[in-house]
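Trainee: Generate the whole structure from the sequences, applying the supplied hints.
Each chain, letter by letter, is given below.
There are 2 protein chains.
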Amino acid sequence: MYNKGTQAGVTLIVNPRSTVNCNGKSLNRHIVVDLIRFSTEQVSRVQIARQMDLSRAAITAIVDDLLQSGIVRETEAHYPSGRRPISLEINPNRGRVFGVDLGASHLQVILADFGGRLIAEKEIAYKPENGPEDCLEKIAEITSTLIAESDTNASDVYALGMGVPGPVTSLTGQVSNPPILPGWDGFPLVQELTNRFGWPATLNNDAELGALGEWAFGAGRQENNLVYIKVGTGVGSGLLLNGQLYGGAAGSAGEIGHITLVENGPVCVCGNRGCLEVYASGRAIAQRADQAVRQGMSTVLSDIKNTSISAKDVLTAARFGDRLAQQIIYEAGTHLGVAVANLVNLLNPGMVVMGGGVSQIGDLFLEPIRTMVERRTLRVVSKGVRITSALLGRRSSAMGAVVQALTLALHNLLEVVK
Amino acid sequence: MYNKGTQAGVTLIVNPRSTVNCNGKSLNRHIVVDLIRFSTEQVSRVQIARQMDLSRAAITAIVDDLLQSGIVRETEAHYPSGRRPISLEINPNRGRVFGVDLGASHLQVILADFGGRLIAEKEIAYKPENGPEDCLEKIAEITSTLIAESDTNASDVYALGMGVPGPVTSLTGQVSNPPILPGWDGFPLVQELTNRFGWPATLNNDAELGALGEWAFGAGRQENNLVYIKVGTGVGSGLLLNGQLYGGAAGSAGEIGHITLVENGPVCVCGNRGCLEVYASGRAIAQRADQAVRQGMSTVLSDIKNTSISAKDVLTAARFGDRLAQQIIYEAGTHLGVAVANLVNLLNPGMVVMGGGVSQIGDLFLEPIRTMVERRTLRVVSKGVRITSALLGRRSSAMGAVVQALTLALHNLLEVVK
DNA sequence: AAATTATTGTCAAGTTAATTAACTTAAGCG
DNA sequence: CGCTTAAGTTAATTAACTTGACAATAATTT
Chain H
279 MYNKGTQAGV TLIVNPRSTV NCNGKSLNRH IVVDLIRFST EQVSRVQIAR
329 QMDLSRAAIT AIVDDLLQSG IVRETEAHYP SGRRPISLEI NPNRGRVFGV
379 DLGASHLQVI LADFGGRLIA EKEIAYKPEN GPEDCLEKIA EITSTLIAES
429 DTNASDVYAL GMGVPGPVTS LTGQVSNPPI LPGWDGFPLV QELTNRFGWP
479 ATLNNDAELG ALGEWAFGAG RQENNLVYIK VGTGVGSGLL LNGQLYGGAA
529 GSAGEIGHIT LVENGPVCVC GNRGCLEVYA SGRAIAQRAD QAVRQGMSTV
579 LSDIKNTSIS AKDVLTAARF GDRLAQQIIY EAGTHLGVAV ANLVNLLNPG
629 MVVMGGGVSQ IGDLFLEPIR TMVERRTLRV VSKGVRITSA LLGRRSSAMG
679 AVVQALTLAL HNLLEVVK
Chain W
279 MYNKGTQAGV TLIVNPRSTV NCNGKSLNRH IVVDLIRFST EQVSRVQIAR
329 QMDLSRAAIT AIVDDLLQSG IVRETEAHYP SGRRPISLEI NPNRGRVFGV
379 DLGASHLQVI LADFGGRLIA EKEIAYKPEN GPEDCLEKIA EITSTLIAES
429 DTNASDVYAL GMGVPGPVTS LTGQVSNPPI LPGWDGFPLV QELTNRFGWP
479 ATLNNDAELG ALGEWAFGAG RQENNLVYIK VGTGVGSGLL LNGQLYGGAA
529 GSAGEIGHIT LVENGPVCVC GNRGCLEVYA SGRAIAQRAD QAVRQGMSTV
579 LSDIKNTSIS AKDVLTAARF GDRLAQQIIY EAGTHLGVAV ANLVNLLNPG
629 MVVMGGGVSQ IGDLFLEPIR TMVERRTLRV VSKGVRITSA LLGRRSSAMG
679 AVVQALTLAL HNLLEVVK
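Chains as they are written, first to last, in my numbering: chain H, 279 to 696; chain W, 279 to 696.
Check before you lean on any hint, since a few could be wrong.
Just a sample of chain H residues kept apart from chain W, beta carbon distances all over 10 Å, derived [what the hints assert, rightly or not]:
#, residue
1, S322
2, R362
3, E367
4, Y404
5, G451
6, L517
7, Y524
8, S530
9, D600
10, Q604
11, L621
12, R672
13, N690
Stretch-level coverage of chain W by chain H, calculated; a stretch enters the list once three of its residues show a Cβ under 8 Å from a Cβ in chain H [to be verified]:
#, region
14, 528-541
15, 656-669
Derived from the structure by calculation, the hints contain no laboratory data.
All residues carry an ideal CB built from backbone N, CA and C; glycine is no exception.
Mentor: Here you go:
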């Protein structure tokens with residue numbers, strides 16, 4: 279389904295996937311670009327014409343334009359009988375973009391080409407508590423390192439996308455009221471990024487970008503109603519509904535971590551009681567393990583002495599067959615499953631993609647979730663929902679940032695060239 | 279934000295509000311119509327031009343067209359300094375449409391003019407268990423009665439919108455797997471309606487239409503992230519997100535009634551345990567009252583002897599000051615509040631509109647909901663959400679059906695006239 | 001009261017992006 | 001080799017928009 283859009287500003291939503299500034303005239307060019315970008319199969323001019331309900335002649339003209347500006351290139355394709363269609367794809371060599379994912383404890387930067395393929399990558403341990411200026415500094419360091427090391431011409435970088443672990447006011451590109459990010463509130467991040475680097479920049483919530491990344495390049499291709507659940511230190515989710523990212527009225531949609539599971543449960547970091555995060559986050563898993571060890575239960579985790587047990591330790595132990603670790607993870611999955619079931623009942627998504635560190639263990643974590651969803655939702659709903667792990671693993675969000683950056687880059691280029 | 283859209287079929291999403299068949303050419307005409315339809319203030323040509331980022335001349339041409347076809351008319355408007363703008367509005371006398379709401383126990387039909395104003399209305403007690411054919415028969419009876427009684431020319435009716443209490447496959451216009459509607463599964467309702475009456479028809483879930491009705495004519499005007507919660511015999515909700523109705527992958531989004539509140543609570547009609555409906559539906563309220571009376575608690579409800587107590591009785595009693603009835607409703611509100619809090623956390627809507635019979639009691643029901651939402655959501659979220667009763671009362675859904683019918687009528691007319 | 005300023009709406013000429021219908025290209029097949 | 005099928009191109013035409021000048025109408029200033 280293809281939506282064209284124009285508005286005063288002008289915000290354009292093309293095939294909900296891209297939101298772009300556009301004067302409203304060259305709209306079909308933008309739609310064609312997105313069609314080529316996000317197609318899972320090979321696309322020819324005729325197919326584009328059919329999908330957009332335009333004449334072949336019109337598409338020929340548009341594609342000519344795109345070829346000339348270098349955004350798109352032709353490839354070979356094979357079909358039975360009749361003239362072979364010429365497949366089209368985004369020209370990966372036309373330029374590059376950065377995708378940045380800021381987490382509760384890390385900073386990850388991906389350099390990708392226009393085809394969305396990874397060119398170089400760097401991840402460091404980082405605490406966002408240092409504030410936005412320091413973070414910008416770090417991003418500057420990493421991006422220039424990546425440019426240098428990857429034989430990239432600095433002028434070939436066209437945009438930067440960024441994700442942060444908190445609500446984002448997408449209109450102004452600010453972080454708003456972030457629980458994890460004191461000192462970031464109201465900081466005009468998009469503007470500062472643009473000023474500092476000279477590239478157009480976008481800002482989104484990290485879970486939101488996870489959904490987008492998995493939709494564009496991961497497990498959720500073609501699935502226009504997708505929920506991405508990120509189980510890291512905390513638990514968050516990104517919603518892609520009706521083919522569009524949904525951020526809510528204030529940019530804080532998807533806050534599944536602070537849904538009430540047990541009315542009078544233990545106190546959560548957010549101040550409420552019995553939140554999901556108390557039972558099913560990386561933090562919770564680590565705490566459970568710690569508790570169990572102190573109670574003297576039999577586990578390899580007891581060997582960790584000097585430092586405190588981390589969720590990662592529990593995952594590793596589970597992978598190596600430690601029963602206690604496995605049980606802790608299974609239980610976390612069960613609790614998460616209850617929340618996911620509620621979410622699935624409410625949103626009836628076509629797919630739920632589990633991301634974040636904890637999910638990488640796979641079925642041990644997925645199985646209880648699937649079970650709970652099946653048990654606790656209407657059959658119509660549970661029958662239609664696929665629940666899987668993120669295909670992009672720990673890169674979901676950063677790749678989502680790449681998608682946003684590409685949207686900016688491609689569509690801006692299109693306007694400039696015109 | 280204005281989206282234009284075209285696709286093979288061609289489905290067009292205009293200012294997400296209307297989904298219309300359109301050849302993709304006269305698109306801006308459709309956008310202008312919707313702009314005029316849904317504007318809360320008076321609109322002039324210049325304002326339209328500014329909002330759509332088109333030239334004044336272009337709008338003049340488009341409006342000329344709309345004036346000539348009679349869809350739009352001019353009115354007076356007053357502004358300071360400069361030539362007075364000529365305000366535009368949909369010409370209410372251009373035609374009429376029907377909005378039909380089928381509930382678990384009633385059938386409501388509204389006849390409205392092109393301005394969405396109520397011309398005539400009829401509601402009867404009705405059990406959808408009789409099956410779709412019988413229901414069509416009843417609709418035929420009522421519509422012809424309304425046409426006759428309201429001095430309407432049958433040829434002035436241009437479309438019919440309908441809502442049903444179950445999931446709808448909007449693509450094919452069928453009811454799908456409805457828990458409350460055995461015998462309706464897979465019935466091609468839209469097609470049958472069109473065949474039978476000769477009007478184009480639309481089909482949606484009733485809660486969805488409640489959201490749309492309140493958004494267009496009710497409490498939620500201008501609010502593009504709105505949740506409508508219908509508390510009737512059961513509990514359902516309609517989601518209007520990013521300015522669009524969201525139905526989910528299989529049309530069953532919004533099933534808040536079967537969210538798990540208590541892990542091992544009483545068995546629900548759906549087979550699971552501890553669902554919201556067990557605690558906060560009309561059915562639940564009636565049951566509680568019955569229970570209390572049998573336990574000999576002091577209440578005016580004890581006076582009801584021969585028939586069983588209904589939710590309506592409890593509402594009436596509460597309105598007249600009966601303490602027990604008030605408490606039952608307050609408690610139902612509290613339970614509902616927990617579910618609403620989860621929903622608000624997850625979707626961060628700008629507004630929650632409470633509809634359905636139970637909500638008509640007002641603050642007694644709203645207050646516990648507001649309290650629970652405030653207590654159980656992140657401050658960013660709860661601060662931004664307004665929680666109110668439906669402005670259209672028991673007409674929300676039927677008016678939503680009118681909105682859908684008008685969308686069909688106006689935009690089809692536009693294509694034909696062209 | 002006349003002149004000034006602001007704003008809306010219209011007109012005519014020019015531009016752009018689409019359509020239509022004929023045509024070319026490129027493959028498979030009997 | 002010619003026939004069939006499908007993809008892609010070309011040229012003439014049409015519809016929708018832009019631009020810039022201008023008329024209409026009101027409030028404000030002189």
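Trainee: Confirm or reject each hint.
Mentor: Against the structure, the hints come out as follows:
1. S322: Nearest chain W Cβ is 15 Å from S322(H), so the label holds.
2. R362: 23 Å, holds
3. E367: Non-interface label stands for E367(H): nearest chain W Cβ at 22 Å, farther than 10 Å.
4. Y404: 24 Å, holds
5. G451: 17 Å, holds
6. L517: 8 Å, violated
7. Y524: About 5 Å separates Y524(H) from the closest Cβ of chain W, which leaves it inside 10 Å; violated.
8. S530: 5 Å, violated
9. D600: 28 Å, holds
10. Q604: 22 Å, holds
11. L621: 6 Å, violated
12. R672: Holds, because the least Cβ-Cβ distance between R672(H) and chain W comes to about 24 Å, which exceeds 10 Å.
13. N690: 18 Å, holds
14. 528-541: holds (count 11)
15. 656-669: holds (count 6)
In this structure, the earlier hints numbered 6, 7, 8, 11 are contradicted, and the remaining ones agree with it.
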